[in-house]
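> The chain contents come next:
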Amino acid sequence: MLSDLPILSCIIFSPLLGLLVLLFLPKQRSRWLKTTAIIATLIPLLLSLWLYADYDSTKGGKTYEELSTWVDASLNKEVVGAVSSYSFKFQYHLGIDGLSLPLLLLTTIVGVMAALASVNVKKRWKSFYIWFLLLEVGMLGVFLARDVFLFFVFFELTLIPMFFLIGIWGFMNRERAANKFLLYNGIGSAIMLIAFVMLVSTAGFRADQVPDKQETHLSYSGSYEVIQQNLTDPASYVNAAPPANSQEGEGNPFYLSKTMRWSIFLLLLLAFGIKLPVFPFHTWMLKVHAEAPPSVVMIHSGVLLKMGAYGLLRFGVFMFPGEAKDWAAVLAILGVVNILYGAVLALVQKEFKLVLAYSSISHMGIVLLGIASFNEIGLQGAMIQLVSHGLISALLFLIVGSIYERTGSTQLSDLGGLARSLPFISGILLTAGMASLGLPGLSGFVGEFLSLLGLFDSMRIITAVAVLGVILTAVYVLRSILGITFGPMSERYAALRDARLIEAVPMITLLAFILLIGIYPSVLTEPMKHGFDALLEQINEKVGR
Amino acid sequence: MGSWLDETLTWGNALIFFLWGVILLALVLGFVSYAIFFERKVIGWMQFRIGPNRVGPMGLLQTVADIMKLLMKEDTIPRKADRALFILAPALAYVPAFAVLAVIPYTQNLYFADINVGLLYYVALSGISTIAIVLGGWASNNKYALLGGMRSAAQMISYEVPLVISVVGVVMLTGSLNLRTIAQAQGDWFWQWNFLPQIIGFVIFVIAAVSELNRTPFDLPEAESELVAGYHVEYSGFRFAFFMLTEYVYVYAIAALTTVLFLGGWHAPAPFLDFVPGIIWFLLKFSFIVFFLFWIRATLPRIRIDQLMGLGWKVLLPLAILNVFLTAVYMELFIKG
Amino acid sequence: MERYINNYVIVAIFIILGILLPVVALSVGRLLRPSKPTEEKKTTYESGNEPVGEGQVRFNVRYYLFALMFVIFDVETVFLYPWAVAYKQFGLFVLVEMAIFTGLLLIGLLYAWKKKVLKWNSI
Amino acid sequence: MDVVQQPLQSLSWSDAAYLAPEWILIVFMVGLAVIDLLLPRRVTRSFIGWLTLGGLLTSLGCVVWRLLDINSAASATTNANGQVVSGVIRLLADSYRIDNYASLFKIVFLTATALIVLMSLGSVKREDIADKGEYYYLLLPAVVGAMIMASSGDMLTLYIGLELLSITTYVLVGIRKHAVQSAEAAFKYVVTGGISSALILFGMSYLYGITGATNLGAMAQSIQQHAGDYKELLYVAFFFLLAGLGIKIAAAPFHVWAPDVYQGAPTPITAFLAVVSKGAAFAIVFRLIYNVVFHATTPEAPLADDVFLAMLIMAAAAMVIGSAAALRQKNVKRLLALSGVANAGYLLVPVSLSLNGMHVSNFGEFIFYLAVYLLMTIGALAVVTVISAAAGHDEISGFAGLYYRAPWTAAAMIVFVLSLAGLPVTGGFFGKLFILLGAAQTQTYWIIAVMVASSVVSYYFYFGFIRQMFMRSTSEETVHVPVPTGLVIWICAIATVAIGILPGPMMSWVNDHFTIINDLFIGSQPGG
Amino acid sequence: MLSSYLTMAAILFCIGLYGALVKKNAVIVLLSIELMLNAVNLNLVAFSKYGVVPSLSGQMFTLFSIAVAAAEAAVGIAVLIALFRARGTVNVDEFDEMRR
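The listed protein sequences correspond, in order, to chains A, B, C, D and E.
Letter by letter, the first sequence follows residues 1 to 545 in the numbering used here.
Letter by letter, the second sequence follows residues 1001 to 1337 in the numbering used here.
Letter by letter, the third sequence follows residues 2001 to 2123 in the numbering used here.
Letter by letter, the fourth sequence follows residues 3001 to 3528 in the numbering used here.
Letter by letter, the fifth sequence follows residues 4001 to 4100 in the numbering used here.
Everything labelled a hint here was simulated from the structure, so no lab data went into it.
Among these hints, one or two may not hold up.
Stated by the list, open to error - Now the in silico label distances, taken between C-beta atoms and shown as ranges:
| hint | chain 1 | residue 1 | chain 2 | residue 2 | range |
| --- | --- | --- | --- | --- | --- |
| 1 | B | S1003 | E | I4028 | 14 to 22 angstroms |
| 2 | C | Y2064 | D | A3498 | 48 to 56 angstroms |
| 3 | D | T3474 | E | R4085 | 31 to 39 angstroms |
| 4 | A | A474 | D | T3474 | 47 to 55 angstroms |
| 5 | B | W1295 | C | K2036 | 52 to 60 angstroms |
| 6 | A | K27 | D | T3474 | 15 to 23 angstroms |
Claimed, not checked - Under the rule of at most 27 angstroms between Cα atoms (straight-line distance), these lysine-lysine pairs were calculated in the BS3-like manner:
| hint | chain 1 | residue 1 | chain 2 | residue 2 |
| --- | --- | --- | --- | --- |
| 7 | D | K3125 | C | K2114 |
| 8 | E | K4049 | D | K3231 |
| 9 | A | K180 | D | K3330 |
| 10 | A | K350 | A | K180 |
| 11 | A | K126 | A | K34 |
| 12 | C | K2041 | B | K1073 |
| 13 | D | K3132 | C | K2119 |
| 14 | E | K4049 | B | K1080 |
Beta carbons: idealized from backbone N, C-alpha and C, even for Gly.
Kindly generate the complete structure, drawing on both the sequences and the hints.
So, in structure tokens, the structure goes:
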């Protein structure tokens, strides 16, 4: 029964259901509003859990695929000649595979937890949850879309609610943070759009012959599969070598020269690098981490940053495996720079949120390393690192929110000895810290270990430097977290109440997932097993190994 | 005249044209002198006076004497006047007045320029005089002159519109703007002349023409009681004379134009009167129009300015347009078949 | 062609004569007339009183409105004349077209009338 | 005289019937004018607005009916290649064409004007505009002018339409007689408009001199013969035309008048200028480019390519300058004026991308974006009328806390702002996307970069509205939204989103009804 | 023959453009625009007789352009009068109500 449903659409759009209900609720009834929103986020979680259970890694996600025409804008066909149709064909194409499934799960889990954490929001609950649910729709869509423009639409859809969530409910400098967020991500998505437009107008072109009839359908398709196939198939018109006597690309408007391929790849790298964020483009993220409300940062740090890595993998690496492979070293170096830069700066921060922000940069560096390895282990490591960092940072910011609610500060110098008054929260914080610094048995370790292991295969020196960074992680995490939990306690914090049930539930749930992945990483690696095969095959073909 | 027109232009021919022009100029100057004389006489008789009777026999040299006086009178230009424009204005008024005479045909064979847009030429050039009058009023730097000039301009442009539209009916019937063709096209019998079929147009044309001439009952720009002497209050001597000259040359021109457009030009009123030369018929009709102008001057009082403007815009203009469409419908029904 | 040129030569001659007459007359007059300017002679004439204020006074804007009306209807005649000349050769539809055109202008006249443009008051 | 005698073609009664949309508007205009004059002063003039709206909608119905009729099987014919092409109605020796191109433009103009009238019904107050009746019925000749421009197949009709539109809008801009700003705006508009028509005419006069024709079809044939000999003159002609039309469409660097005029004009008229005037000028640009410029290429001088490049540069300049200048604006109408400059740049892109094997028509992209631009601009300005009525000024700070004072209006404004910024899921996104894809098809990648970059810059000031509406607050008193204005806001917002979610049908409809050979390459089909 | 007409027209046009852009007096600005339009008329009429392909349509065009120019001037001056009433000046530089 369940399998007859368009399950992916249901996952994406079920939050909208909640949004509809929210619209008709009076805006003073905070309890109703909150309950509705939490339920609305629970539906996709349950659906995605079911999907996970139902997912068969050997068959891939083919059975869940949804495909229908979204935009079929016919073009003037007069001058082309005898064709029966000529159009822009963008599809409503959803699909799931080993790459998206873990991130989908991550999104739904963090979504529910953030919704739970949002009960702390002090004002304008109605509009908060409306934006929140819209944001969730966008995130879910990003991971499931299989059409470049559908992807772009969902990607942008995350942008606008985030702008509102930061700008209205954030801390003191919220507007500047919101602007900065908008500006950087706007530039990022604009660059992405340029790349997509270039791709669709060349590699997206397809001519379908209708069998048995004299009909040709020409179309520019946004389909991920079509583009990827055209780009990677050496025989396709995109790669067809032009006749020797003509100028490069003459007569074949779809030919992608080497420069073009590289420029598209670099554009994609840049676009997703900003989102990830890669070292020089990271400043917007710090602002967001510092200024956005904690529950929004949970989403942001937990899911939105992953969209960058996901996009880099799916569009950058899968579409241009050759170019990506050629730039593996660069990617790795960027990763190391991220790790070291993030770690060193996290070490000197005086604000706990900023420590976490820099640690995010550092951890995202590890993802880059995993991608740069270009082998199964490394890529799996990157994916696990993505999920694990999502969970851990969501948990950490949840705790930050709770602490801030009680103490009114996130300055490291203000906080101290909270273990005495807030034993439960402190305990969770410590565990989360351990997970973050990669203690074996917790999820962080698996991700880091696999990524570095994968990279060690090809780039040993870089791996060695990266490990140095990982050691630094331990230093700054311990410095800050131990400082908060132990040490001298300020008198005014003596009478604080420990976590309420509504806080404890998400903390424990997140921690449980962290533990689960740490102890039994196969929950994630299993569905991914065949996800990278095709990619690695192509890369190896290309590189000739 | 027609034979020379068809020849190739040489200096000799140009000289002949020039001489003809000079002859006409002399005739016109003579006409002006004696038109003024007769105006005074006619009005005198109508008012049971004798009119000028001292200079020469029956006062025939009165106007000549006046001209001599004007010629020898001191010419003052006010200090505050805009000198260049002040000097330019009378000449500018006079040039178009004389230039329009080029297109008027007198008989079948006696005409000067035979332009196929003759009527348009007349209308276009006569409009320039308005500018001269405004210019004269403005350049004098005098309140009376300025207001007189503005009034005059307002009046002239207001009546120019009905004047111009009233002849459209004639143009439609003839299908030409050539004054010679228009005169020729009118029939042999006097009821076939344009003034009967185009009676509305004719009446409007005459009224508007009188107003264009700034003559009584439409002589408001020069209303002595309000504006002293209007736009030429600061002019004296021969510069003043040129404004007067302009007015009377226009009298000549309008009288000739009316004859050509509405009164059948040189045609005799009936075919059996053809033995009398065309030029005589033309002069008779022409003289009648001139006399008519003197006659209404003696008869009618000056009207108020609001009446003047109201008449032009609210009565004559709609009537003129109505006339155009009546003509069109008439032609549609009876002529074009 | 000759006729065409000749006609305009005549027109030119008439214009030249028109210019010559004032030039000659005024030049000749200069020899005949006296010239004894005094301050009083050169003051602006204002019925014998000392002139008050500027000579170029502001006058009623109504003059401008008449100028505007004139422009509108004068331009109408620009179209009316060619139409009238060629009227015989065309069908009824041309009459309708001109009726529409003129009708629109008459609406303009009505507009001016109703907006009291044609009503004259003071100077 | 050795003058080519052209046969005169008169309009017949049946031809006149094809002009029904124009007639209807003129009849309404005349009727309303007379009614307005004859009614006593104290009678309120709002009903004139409703009647104007009725006239516009009737006319719109006629245009749509004609469009469908032309394309129906009955009037379609086959061309030389055996393809079925729809009929074109040519009036007065092809100087007035009723083709799909014109009809599509007319639909845009009439829809826009209808929305503007509806918006005015809610916002125009008697104390502000003394002659309310005039205000409404003057819009009609303006639209007729725009329609003539769209339909013209001759430089003469084209010019007449242009001036009919311009002169009426001069008056409309200055209709708030007692406001200094309005009069000043009107004067500036008159001067720039005059200069622009002089420039256009000067260019046209050279084109006429070289081709000896004013009919676009005849020009196309003639210019192919003479382009080689007179290419310098042609360059001059095209330069002047571009400059003149650049002023009309407010593309940089000819845009400096736009902010002042848009600010001073009554807000609905601002919308009219932004949409109808600009769109009509584009209709001319299209016709001239594809009928004249396109055929002017000679082997030795790539005239057409140069003109296309010049236009692209103009488009890029408009985008960059428009977006950059808007950053500093505090006045909403000035801001929207500058955003209109940037949008003129976007609209210029499809026009100035030449055609090639794959990019066979740019009209679909263009009209799609024009329609979207119509919706979002009119919608945004309708919101502005509500705000300035409440705040008493046009500054952006008037939007402060709008969300708490009129949440639904604020929500609609978000839609417009997002659409203007080109973000999904709004029509603006797909409008820009189609243009970008068109540019990509011709491999003109640099303009894509410029376009996207200017869009990103524009985020800053468009989101300025959102910042005001959501993140500032002044008074808590609710903003009153008059019903007609609210209707406009909602029609525009819903349509914007609808087009943003499903752009396909509209784009397909436009392209199905448009045939480039029939509608734009007039000259390539001699006689007809 | 043609070139002298064209040169004359071009000169007129340039004078007009200069006046329209540079002059401070609003009336002169309007006059300058008329000058530009008249330059165009000169061009059209010259081309209709001496153009590459002489034809009558140039003269027709001129008629229309004259008419339209008249209307434009009328509206222009009307607007200027309204503005003069509000501002009391015809100096273009002082029309700066909106520039900030």
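> In this structure, is the beta-carbon distance linking D/T3474 and E/R4085 contained in 31 to 39 angstroms?
Since D/T3474 and E/R4085 have Cβ atoms about 36 angstroms apart, the given range 31 to 39 angstroms holds.
> Holds or violated: the 47 to 55 angstroms window for the beta-carbon distance between A/A474 and D/T3474?
Given about 51 angstroms between the Cβ atoms, the range holds.
> Given the hint that E/K4049 pairs with D/K3231, test it: the Cα-Cα distance must not exceed 27 angstroms.
Distance of about 21 angstroms is within 27 angstroms: holds.
> Regarding B/S1003 and E/I4028, is the given constraint of 14 to 22 angstroms on their beta-carbon distance met?
About 51 angstroms separates the Cβ atoms of B/S1003 and E/I4028, which means 14 to 22 angstroms is violated.
> Between C/Y2064 and D/A3498, is the Cβ distance one that fits in 48 to 56 angstroms?
At 51 angstroms between Cβs, range holds.
> Holds or violated: C/K2041 and B/K1073, Cα atoms, limit 27 angstroms.
holds, 13 angstroms
> Is 15 to 23 angstroms a correct range for the gap between the Cβ atoms of A/K27 and D/T3474?
Since the Cβ atoms of A/K27 and D/T3474 sit about 20 angstroms apart, the hinted range of 15 to 23 angstroms holds.
> Against the range 52 to 60 angstroms, how does the distance between the Cβ atoms of B/W1295 and C/K2036 compare: consistent or not?
Given a distance of about 43 angstroms, which is not inside 52 to 60 angstroms, the answer is violated.
> With the threshold set at 27 angstroms, check whether the alpha-carbon distance from A/K126 to A/K34 stays at or below it.
holds, 8 angstroms
> Run the distance test for D/K3132 versus C/K2119: straight-line Cα separation, threshold 27 angstroms.
Roughly 23 angstroms separates the two Cα atoms, so the pair holds.
> Quickly compare the C-alpha distance for E/K4049 and B/K1080 to 27 angstroms and report which way the hint goes.
Between E/K4049 and B/K1080 the Cα gap is close to 47 angstroms, so the pair fails against 27 angstroms, i.e. violated.
> Please verify whether A/K180 and D/K3330 have alpha carbons no more than 27 angstroms apart.
Holds, at roughly 20 angstroms.
The structure fails hints 1, 5 and 14 (numbered hints given earlier, in ascending order).
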